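Chains A and B are the protein sequences, given in the same order. The first sequence lines up with residues 1 to 294 when you count with the numbering used here. The second sequence lines up with residues 295 to 524 when you count with the numbering used here.
Calculated directly from the structure, the hints in this document are not laboratory data. The structure displayed is predicted, hence computed values, not measured ones. Every residue, glycine too, gets a C-beta built ideally from N, C-alpha and C. Just so you know, not all the hints are guaranteed correct.
[What the hints assert, rightly or not] Computed beta-carbon distance windows for the label pairs:
{"id": "1", "chain 1": "B", "residue 1": "431", "chain 2": "A", "residue 2": "212", "range": "33 to 43 angstroms"}
{"id": "2", "chain 1": "B", "residue 1": "373", "chain 2": "A", "residue 2": "243", "range": "47 to 57 angstroms"}
{"id": "3", "chain 1": "B", "residue 1": "480", "chain 2": "A", "residue 2": "17", "range": "39 to 49 angstroms"}
[To be verified] The calculated lysine-lysine pairs, modelled on DSSO-like cross-linking and capped at a C-alpha distance of 30 angstroms, are:
{"id": "4", "chain 1": "B", "residue 1": "396", "chain 2": "A", "residue 2": "15"}
{"id": "5", "chain 1": "A", "residue 1": "292", "chain 2": "B", "residue 2": "396"}
{"id": "6", "chain 1": "A", "residue 1": "216", "chain 2": "B", "residue 2": "418"}
{"id": "7", "chain 1": "B", "residue 1": "483", "chain 2": "B", "residue 2": "513"}
{"id": "8", "chain 1": "B", "residue 1": "396", "chain 2": "A", "residue 2": "216"}
{"id": "9", "chain 1": "A", "residue 1": "15", "chain 2": "B", "residue 2": "432"}
{"id": "10", "chain 1": "A", "residue 1": "292", "chain 2": "B", "residue 2": "375"}
{"id": "11", "chain 1": "B", "residue 1": "411", "chain 2": "A", "residue 2": "15"}
{"id": "12", "chain 1": "B", "residue 1": "411", "chain 2": "A", "residue 2": "292"}
Here is how the chains run, residue by residue.
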Amino acid sequence: MIPLYLKHAFRDILKNRLLNAASVITIAFSVVITSSFILFFVNTTDMLNLWKKEIKIMVYLHPEVPGEIIPEIQKKISGMYGVQDVRFISKGEALEILKEQMKRQSSLLENLKENPLPDAFEIRMIPSSRPWEKIESLAAQIDAIPQVEEIEYGQKWLTKFSYIIKMFKLTGFVLGILFFIASVFIVANTVRLVLYTRREEIEIMRLVGASDGFIKVPFYIECVIQGALGGIIGLTILFLVYVSVLSNVEQGVTSGFINVRFFSFGIMFLILLCSMLTGWLGCFLSLKHFLKTV
Amino acid sequence: MSNGNSENSLIRMFHVYRRYGKYSALFDINFDIQKNELVFINGPSGAGKTTLLKLLYLGEPASEGQILIDGINLSRLSKNKIPLMRRNFGIIFQEFKLIPTKTVFENVALVPEAAGKSGRLVQKKVSSVLRAVGMEDKQNAFPLTLSGGEQQRVAIARAVAGDPKIILADEPTGSLDAESAGMIMELLKGFHTRGSTVIIATHDTELIRKTGGRTVCLKQGRMQQPSTLQ
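Isolated chain A (complex conformation) (with noise of 0.2 angstroms):
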């Protein structure tokens, strides 16, 4: 019966053109949107994790600190849970590195009276402490040292960064719950408008002895490939894009800093299977009425 049910949906799908052609569009529409910010609040994500991965712990000390208790707090901050090492930046190198980094502007150094710079301990951390609360944890207890003026780990960027990701995420969410909604009430009316052109022909299917399944599986088949072509159409259009954005990127901007990429087959096979899942909620919101009525 299964060869019979899909010759049927295909023939169904063709004779009908101009109304599948609408749920398929709204279908690849909600998915190029959502599926947009699936891939933003990916590709964010990776971001983030990989400079949280990077991320280092910068201890200012204070100014009046003398030389020689140095590797007495050196030791104790090697001595924490989740510190990988600790390397003493005194504040000579510290001015040598920024002179370095800022060779344009170094015109401004050379006329600096005094270093202004603050001895420093640059703190590596062990993989299993990079989870942001344990680096939060490890800081406040350098915090605790006396010595230590300022602890700097890119908090204040990488908080504010983390909550624009979260606002993102639930934007998308949301958007995504509407255009589900919408996109399933589409299907659900062309469903309904093809049953009404078909009316006498179900009743005639009825009075002959076709079963409900027999009248219902083809329109499941139609509305679930409905779906599934809303779907390629929503991620081919997707991909094209990213495509041709990232082509317009230069490459200095991204490589070694930023790893963009597209979704995996996994996630492209979950978003396909969520507009299958689209098209059959449509069709059976329609069908479950509609028959009781014919």
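Got chain A sorted already, so can you dock chain B onto it with the hints?
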């Protein structure tokens, strides 16, 4: 009204009523139909002929009474068994009820396909019944390109494509000229001769006289004696 051996009747109706709110379309209908009988349901328009046929093929439920088809009580049939029960019937309508967007072949094939027959069997059966009604040359035509008589022949082909136990025909010649009507009746008689039970609802008493067969008369929803043919 029953005849012969009631125990072996194919169709039995006991005190059947059909009401639509306060209005009653059928009152206390009682009769039996044997296997391989040709029975006419006769009466003027509004007598309840179509309603009676609808009760038989479960187009509507009886408001009261019992209907047994080959021993099965229709009022006790669960919803999911209704399609199976309907496959016992081949139904022919006055207005043909062919699907205009399907070809002659596809219209007839609907019946064996709905019964789950394989593609090969469907092909074989459809060709056979179309040949029996003389429409095999027009299997790729669409119904609206056919004459009334041709459409009714296709409808008959569809009705018999599932090898039904009972053929129900509701005014099968109502929309046809005399020549086509004669052809349709010959076909129905042919199927009766080959063993089908045929029930024809008609107001055409001349048709009944020409064809012969038992008659159940209805007037305003009530059974009448055969002598009161209209």
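Now the hints, each set against the structure:
no. : hint                              : result
1   : B/431 - A/212: 33 to 43 angstroms : 35 angstroms, holds
2   : B/373 - A/243: 47 to 57 angstroms : 54 angstroms, holds
3   : B/480 - A/17: 39 to 49 angstroms  : 43 angstroms, holds
4   : B/396 - A/15                      : 11 angstroms, holds
5   : A/292 - B/396                     : 25 angstroms, holds
6   : A/216 - B/418                     : 26 angstroms, holds
7   : B/483 - B/513                     : 26 angstroms, holds
8   : B/396 - A/216                     : 18 angstroms, holds
9   : A/15 - B/432                      : 22 angstroms, holds
10  : A/292 - B/375                     : 16 angstroms, holds
11  : B/411 - A/15                      : 25 angstroms, holds
12  : B/411 - A/292                     : 26 angstroms, holds
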